[in-house]
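Same order as they appear, the protein sequences are chains A and B. For the first sequence, our numbering begins at 1 and goes up steadily by one. For the second sequence, our numbering begins at 1 and goes up steadily by one.
Check before you lean on any hint, since a few could be wrong.
In this list, chains with the same sequence are indistinguishable; a pair is considered to hold if it fits within one copy or across any two.
No farther apart than 20 Å at their CA atoms in a straight line, the calculated lysine to any residue pairs in the SDA-like style are these [as the list claims (entries may be wrong)]:
id: 1; residue 1: K469; residue 2: T384
id: 2; residue 1: K538; residue 2: H151
id: 3; residue 1: K237; residue 2: N544
id: 4; residue 1: K539; residue 2: T186
id: 5; residue 1: K46; residue 2: D552
id: 6; residue 1: K22; residue 2: K160
id: 7; residue 1: K466; residue 2: Q192
id: 8; residue 1: K22; residue 2: E505
id: 9; residue 1: K18; residue 2: I31
id: 10; residue 1: K539; residue 2: G240
id: 11; residue 1: K18; residue 2: N28
id: 12; residue 1: K355; residue 2: R86
id: 13; residue 1: K356; residue 2: D344
id: 14; residue 1: K499; residue 2: V11
id: 15; residue 1: K46; residue 2: G551
id: 16; residue 1: K18; residue 2: L30
id: 17; residue 1: K466; residue 2: I7
id: 18; residue 1: K538; residue 2: E420
id: 19; residue 1: K47; residue 2: N550
Derived by calculation from the structure, the hints in this document are not laboratory data.
2 protein chains.
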Amino acid sequence: MNNDLKIANSVTAEPILKIAQKLGIPENVLIPYGKDIAKVQLSYLKKLEETRQPGRLILVTAINPTPAGEGKTTVSIGLADALSRRGQKTCLALREPSLGPVFGIKGGATGGGYAQAIPMEDINLHFTGDIYAVTTANNLLCAMIDNHIYHGNELRIDVKNITFKRCMDMNDRALRNIICGLGERTDGVPRQDGFDISAASEIMAVLCLASDSDDLRRRLDRITVAYNLDGQPVFAKDLGAGGAMSVILKEAIKPNLVQTLEHTPVFMHGGPFANIAHGCNSIIATKMANHLADYTVTEAGFGADLGAEKFLDIKCRAADLWPDAVVLVATVRALKYHGGIPKDQLNVENIEAVKKGISNLRRHLNTLKNTYGLPVVVALNHFTTDTQAELDEVLSQLEAMGTKAALCDVWAKGGEGALELADAVTASILNHSSPSHPYDYAEPIIQKITAIATRVYGAERVDFSKVAKQKIAMYEDQGYANLPVCIAKTQYSFSDDPKKLGAPEGFKMDVRDVTLSSGAGFIVVLCGTIMRMPGLPKKPAAVNITLDENGDTVGLF
Amino acid sequence: MNNDLKIANSVTAEPILKIAQKLGIPENVLIPYGKDIAKVQLSYLKKLEETRQPGRLILVTAINPTPAGEGKTTVSIGLADALSRRGQKTCLALREPSLGPVFGIKGGATGGGYAQAIPMEDINLHFTGDIYAVTTANNLLCAMIDNHIYHGNELRIDVKNITFKRCMDMNDRALRNIICGLGERTDGVPRQDGFDISAASEIMAVLCLASDSDDLRRRLDRITVAYNLDGQPVFAKDLGAGGAMSVILKEAIKPNLVQTLEHTPVFMHGGPFANIAHGCNSIIATKMANHLADYTVTEAGFGADLGAEKFLDIKCRAADLWPDAVVLVATVRALKYHGGIPKDQLNVENIEAVKKGISNLRRHLNTLKNTYGLPVVVALNHFTTDTQAELDEVLSQLEAMGTKAALCDVWAKGGEGALELADAVTASILNHSSPSHPYDYAEPIIQKITAIATRVYGAERVDFSKVAKQKIAMYEDQGYANLPVCIAKTQYSFSDDPKKLGAPEGFKMDVRDVTLSSGAGFIVVLCGTIMRMPGLPKKPAAVNITLDENGDTVGLF
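Start from the sequences and build out the full structure, keeping to the hints where you can.
What follows is the structure in structure tokens.
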């Protein structure tokens with residue numbers, strides 16, 4: 001059987017210059033990284049914004065996923081390829097993959113089968129170094145914190161209250177909790193610290209929310225790194241780290257251009273976590289795509305409760321964007337999962353489970369339509385284990401609900417497998433709809449959290465721990481009352497309990513803690529335990545990855 | 001006054017294609033990274049070795065430096081530019097700079113003034129990501145060690161005897177000694193660990209000593225990561241990490257092509273430490289340069305006692321290379337330093353100190369000529385604070401010694417300032433001299449160490465600690481008796497005491513410990529305390545680095 005890497009390597013990429021030409025990007029704003037990848041100068045975005053109207057923006061989101069994922073990226077790529085096949089000037093805006101999962105279990109984030117972004121191997125391994133730059137900026141800031149303390153601690157940083165952690169683009173559980181600064185007097189001051197995976201670094205969120213270099217610098221400067229012995233915040237600016245960090249990120253802020261297997265242009269840029277951060281590619285990439293193409297397809301992490309909510313309530317408001325249509329990806333497997341079938345039995349036909357599980361889809365659909373006022377098309381993403389009866393069941397239920405839906409088979413067929421979806425999406429776009437949100441930024445923080453929980457998740461109420469309440473009050477005192485909230489909870493359920501599948505009713509959410517991302521500009525609301533540094537499985541994917549006798553990579557996927 | 005960055009930016013780089021053309025490199029083996037940087041396909045080296053004779057190889061080394069350095073890279077670049085001006089087809093092979101010092105105190109490693117490699121900013125910041133790849137391969141191996149222990153420790157790794165450490169390309173003293181694996185049961189197994197700076201990673205040494213991809217893989221597999229509870233070595237191969245590491249390093253192993261300010265081609269590739277590793281750019285880069293150019297100028301880290309010794313005894317033997325001439329860089333400042341003048345008074349004229357300090361130069365000269373049998377030209381690198389009387393003193397002493405010498409002024413004049421040096425060097429090359437070494441690989445390890453100490457450093461004897469003796473015996477038992485030795489000692493003195501300047505006599509060396517770099521293929525001999533992870537100064541260079549209102553980097557140097 002063909003695997004993703006083999007399929008990816010079976011197609012000859014078009015020269016990146018030619019891909020750029022499709023969008024009308026002049027050669028002099030391109031910075032080539034090899035023959036198939038280029039960065040685009042940032043100044044070009046300003047010019048585009050002044051001279052070209054934005055095209056149509058399509059958000060691809062999903063129902064609550066199974067642990068294996070529902071193929072959101074694959075559908076996004078297939079949809080864009082289908083729009084290209086229909087003669088539309090189309091572009092994708094996607095997140096760039098983290099290296100951690102590549103060596104762990106899940107694989108990369110460049111799609112799959114015949115719906116992939118290429119050069120798949122480069123994108124999944126080092127790409128243009130953006131994540132390394134994020135890691136370096138993050139760790140320079142950390143080194144400067146400890147260095148400041150070591151050299152006399154003029155700012156009176158409380159070593160027991162340093163909130164900014166080191167990071168690494170690696171699944172390494174042993175680095176979650178460390179004590180650093182051990183050894184001799186000259187080896188620094190001992191304290192507790194830990195590493196997050198780089199995608200969870202606030203620097204990544206900052207990079208993805210920055211509108212330009214100046215905005216990037218402002219956001220970097222205002223990152224809260226610690227509190228001093230009087231409980232007052234200490235900012236990156238106080239350590240003089242903002243300038244050097246902005247220099248480190250100077251190339252990383254420029255969006256990366258690649259292509260799909262069918263040669264549709266893709267901006268792949270930035271990859272923040274979708275729980276403790278907002279989970280979408282950079283604003284810069286989305287805007288550049290949107291001003292170049294007639295149709296831009298973009299996606300947001302996890303299910304619509306996390307991904308679409310943050311895309312719409314955080315990213316769109318920061319960027320003054322609004323989608324023209326939403327594609328909600330569902331699979332028979334995930335519907336059965338929500339219908340109560342354990343994940344090792346999802347390959348067995350079960351119409352009843354499909355019927356039951358559709359409740360999850362329905363709630364997402366209603367929220368997107370009613371709370372956000374958006375036209376939605378359901379993409380039923382075909383897996384080889386789906387039976388015709390199961391597929392028919394989903395489609396007929398959707399028809400009964402008056403919902404536009406299309407079966408798509410993008411893994412096996414690429415854009416060809418999403419033509420019906422593409423037609424449904426273009427037909428669903430009427431006029432630019434005006435933004436509508438479940439909460440206003442001006443509302444008190446607790447009210448904002450409650451609005452999302454009740455209006456998007458369907459919770460009955462929200463309980464706040466004592467520490468969460470105290471910290472919310474403190475942040476409001478410090479002038480952060482108007483920030484949006486970024487809820488970190490399980491992606492498997494509307495609730496904060498991964499076992500509550502389908503469309504749970506009458507549940508309460510528990511807010512355990514809140515943290516401030518003052519650089520990114522949101523308050524992270526922690527519901528349950530959130531993993532910020534994954535670990536490797538017993539047999540990591542890494543042990544199967546190698547170069548074959550011809551020097552070609554094998555085992556990557 | 002012009003700083004290095006301003007000078008670097010005042011020159012328009014030639015397209016990297018044109019630089020490649022100068023050496024006859026065909027476009028189809030080039031992988032562009034932006035417009036001024038390219039990697040060269042590795043397969044091209046094999047073709048060159050089969051079809052072209054190597055040209056002349058010139059090693060640039062130095063007397064024992066002052067803490068500010070003597071401008072070895074600057075002289076190397078100036079010399080190559082001068083050879084180009086004389087119409088010779090010339091190429092440089094240099095190390096790529098580490099990011100750590102950029103934000104710390106020392107600055108980059110791309111030369112200075114009018115003798116620089118460009119694009120200076122890119123090279124000093126992220127370049128082509130080689131050091132990130134080294135860091136990632138290193139840390140994947142570490143994650144796999146801890147992951148193996150966490151998932152049952154089938155190999156019975158002794159957590160108190162893990163020899164392979166994590167790394168980061170950052171000056172961060174707080175990471176020198178850590179405890180990792182703290183937290184819950186699912187957060188790994190607690191143990192002591194630490195981070196080295198990435199240039200000190202054995203992976204970097206491996207990359208630089210590998211002759212091709214297969215050799216790289218063999219070296220990665222054979223890295224000793226720990227000992228098991230029976231005291232037997234555990235290798236990277238046992239963890240199944242070699243394949244994934246070789247995939248991570250797949251691009252990093254390809255040499256990087258850049259240019260000098262005068263458009264002389266430069267291969268800049270790899271940058272291992274010059275104490276606990278061998279301190280030279282990759283064998284692949286040196287060989288590629290040597291087969292393409294009539295004259296290849298390369299350098300080795302620190303003074304000749306560390307740099308040239310390892311270049312000649314480790315790298316040249318591994319690569320079957322031998323230089324045709326050696327340039328020994330000296331400065332009036334360093335000679336005065338060796339003559340007993342403290343470093344804050346080196347700007348004051350002092351002929352007596354110059355006379356006295358020349359003893360350091362003389363010993364290096366004698367070793368290079370007599371032990372290694374190489375023709376040597378002294379490059380007296382001009383600083384603005386030198387007086388004419390001081391310069392005359394050095395030159396007349398060298399003349400009296402029958403040594404070829406040339407004053408050069410490369411910082412201010414570029415290649416124009418090294419024409420006399422270039423002529424002296426080309427005149428000094430007679431025939432290919434045959435290699436000569438202070439020791440044979442077949443000698444016992446203690447004898448090899450003693451040979452270097454007595455024949456290169458001028459020590460009277462070497463004392464070995466008990467642990468050093470035990471470990472040497474163990475390594476010999478394990479089959480490592482034939483490895484070369486890589487001595488880690490201070491760069492400021494021939495001895496292991498940085499205060500013993502000039503040409504100390506009758507001293508003894510203390511070997512505190514030895515460690516095995518079985519992947520790189522040498523035994524590291526620790527004389528004194530060796531810093532493997534630098535720290536930042538009280539006011540790090542980072543606080544002056546920023547983007548100006550035009551988005552240009554300032555404060556980098």
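**Prompt:** For the identical chains here, do K18 and N28 meet the 20 Å Cα criterion within one copy, between copies, both, or neither?
**Reply:** both (13 Å within a copy, 18 Å between copies)
**Message:** As a check of your reading, is K499 near V11 (CA-CA no more than 20 Å) within one copy, between copies, both or neither?
**Reply:** neither (41 Å within a copy, 63 Å between copies)
**Request:** First find the shortest C-alpha distance between K466 and Q192 inside one copy, then the shortest across copies, and answer within, between, both or neither for a cut-off of 20 Å.
**Result:** neither (24 Å within a copy, 36 Å between copies)
**Request:** Could you place K469 and T384 in one of the four classes (within, between, both, neither) given a Cα distance threshold of 20 Å?
**Result:** neither (48 Å within a copy, 64 Å between copies)
**Request:** Can you give me the call for K47 and N550, within, between, both or neither, at a CA distance of at most 20 Å?
**Result:** Answer is between; shortest inter-copy Cα gap is 16 Å, intra-copy 45 Å.
**Prompt:** Is it within, between, both, or neither for K46 and D552, if the alpha carbons may be no more than 20 Å apart?
**Reply:** Between copies only: 17 Å across chains, 40 Å inside a chain, cut-off 20 Å.
**Asked** Can you tell me if K355 and R86 fall within 20 Å by alpha carbon in one copy, between copies, both or neither?
**Response** Classified as neither: same-chain Cα gap 33 Å, cross-chain 82 Å, threshold 20 Å.
**Copy assignment of K356 with D344, given that the CA separation must stay at most 20 Å** = within (18 Å within a copy, 81 Å between copies)
**Item:** Status of L30 relative to K18 across identical chains (alpha carbons, at most 20 Å)
**Value:** both (11 Å within a copy, 19 Å between copies)
**Item:** Intra/inter-copy verdict for K18 and I31 if alpha-carbon distance must be at most 20 Å
**Value:** Classified as both: same-chain Cα gap 14 Å, cross-chain 17 Å, threshold 20 Å.
**Request:** With 20 Å as the alpha-carbon cut-off, assign the pair K46 and G551 to within, between, both or neither.
**Result:** between (42 Å within a copy, 14 Å between copies)
**Asked** Using 20 Å as the alpha-carbon threshold, which applies to K237 and N544: within, between, both, or neither?
**Response** between (44 Å within a copy, 12 Å between copies)
Hint compliance for this structure: hints 1, 6, 7, 8, 12, 14, 17, 18 are not met, and every other hint is.
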